[in-house]
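Just so you know, the protein sequences line up as chains A and B, in that order. Heads up: the first sequence begins at 1 in our numbering, then just goes up one per residue. Heads up: the second sequence begins at 1001 in our numbering, then just goes up one per residue.
If you're looking for bench data, these hints aren't it; they were derived computationally from the structure. Keep in mind that this is a model prediction, so the values were computed, not measured. A few of these clues could be false.
[Said to hold, decoys possible] Pair ranges (Cβ atoms, derived): (1) A:N330 x B:D1092: 44 to 50 Å; (2) B:S1054 x A:L289: 21 to 27 Å; (3) B:E1107 x A:G346: 44 to 50 Å; (4) B:E1087 x A:D299: 24 to 30 Å; (5) B:S1054 x A:E211: 30 to 36 Å; (6) A:K355 x B:A1050: 35 to 41 Å.
All C-beta atoms in this analysis are idealised placements derived from N, C-alpha and C, irrespective of residue type, glycine included.
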Amino acid sequence: MTKQTFLHGKHVKLGAKMVDFAGWHMPVQYSSIIEEHKTVREAVGLFDVSHMGEVVVEGEDALPYLNKIVPQDITKLVDRKAVYCQMTNKKGGIIDDLIIYKIQDNKYLIIANASRIDEDLNWMVRNKLGFNVNIINESHNYSLLAVQGPKAVELVKKMGVSDLPPFFSIKRAELFNINLWVSRTGYTGEDGVEILVRNEFSETLWDKILEAGQEFGIKPIGLGARDTLRLEAALHLYGNDLDEETTPVEAGLSWSVPKSKVDDYNGKEVITNQLANGVEKRLIGLKMLDRNIARHGYDVYYNNEKIGHITSGGISPVRNDNIALAYIKNLSELVIGSVVQVEIRGKMHDAEIVKRPFVEKKNKVNT
Amino acid sequence: MSEGMLCTKSHEYILEQGGGKYIIGLTDYAVEQLGDIVFVELPEISSTFAKNESFATVESVKAASEIYMPISGTITDVNEDIIANPELLNEDPLGNAWLVKIESNAEDVEFKDLLEYSDYKEEVGA
């Protein structure tokens, strides 16, 4: 049975094209993916991402427990701050990528991928032995709305949250007499917020944001543009760019993994070893040198040898070219500027290794 | 515009030009389902394809789609305009944004599973 968010009726009424995604019936586009993409890069967009999972971990061992299930150092996390994490298995493979918020001592909030929430909960329960924690799945109680784009902050301020939390922080707030959480996070590379609200208020909030956002050119944005936006920002998508066979180091996420974490965690041996001695495969960014589009699953070649495959690929509406993320064999001669080939329908097409992200990120402004 | 148009269940159309010449395109329903079209790959002129054989690729933002021959034939012309500006396909699929022209000596049997445009529309529920 396909699930629906509390905003499903709103999407249908807006004429959205609906698709099944991770067991949810979700809007893929309202008007045009390219148009929606540009709206988020140039003005502000509103996303329903209520399919995402919310899990509360609380209890006297919440901190040591979380510190065991992710490579990140949760002991460094202060109240109302967030950290981007990967939950790893014993081999260092990624079970899911998460945002963990510290609400207060002994209480943390996890935002997880819709496609992985069942696996996440299974794994979390399996790792609970010996820890005095409660793992509470709150996903069915909360809706998540994202307001993203260069005009997002101005809009949220206008709606009444004068004092926005800094990047990767969360605060309690009141909007239109609704109590909610506002987090300075997103999945677009733009500045903006994600708003966590109890389901019963989500429709009112959706309408009010669209109304207040009119003067800023707000539009509702579907999952299609969410995907092109995150690809330009080179943000990983679980299931494409991350899986249980891939470690954070291989995924180019070493920046998020502390090298000196004292506590043991699942996969620490593998990850520590990779940080010190390197990896056999690694994630790269590619720019196609012709108009062909690299897509998930296509093979990557170098010197006529297959060296890897594309995990995410598509158009960049802002750069007006075609970009991709790929995993390749870690050959030292392949650096930024090197040219490899992508096999597309039986033919080789040149692609250049380029820096990630593909567009400049605009979200690390602490105002 | 859809006068005399025959459609496949895989959303291609053909339009007879007389003398064994046909225009092949993608239906308006198909381009609406695809959304923004961003890339079109068309075959070489003079190449020959069997009925139901893939002869072109149309890519939307989300995915690449193979396009199949409604009947057998030889490519006599390709629409360079849509290669240069794939978004034209979203605007005028039944008119200026045709895909290829072919010559065909297909027998009647190849036309048996093709649908009149109105029947096609009913079939796809549009």
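Against the structure, the hints:
Taking the beta carbon of each, N330 (chain A) and D1092 (chain B) are about 48 Å apart, inside 44 to 50 Å as hinted. Between S1054 (chain B) and L289 (chain A) the CB atoms are about 25 Å apart, so this pair conforms to the stated range of 21 to 27 Å. Restraint check, E1107 (chain B) to G346 (chain A): a C-beta distance of roughly 31 Å breaks the suggested window 44 to 50 Å. About 29 Å separates the C-beta atoms of E1087 (chain B) and D299 (chain A), a value consistent with the hinted range of 24 to 30 Å.
For the hinted restraint 30 to 36 Å between S1054 (chain B) and E211 (chain A), the CB-CB distance of approximately 48 Å leaves it violated. The hint said 35 to 41 Å for the Cβ distance between K355 (chain A) and A1050 (chain B), and at roughly 46 Å that hint is violated.
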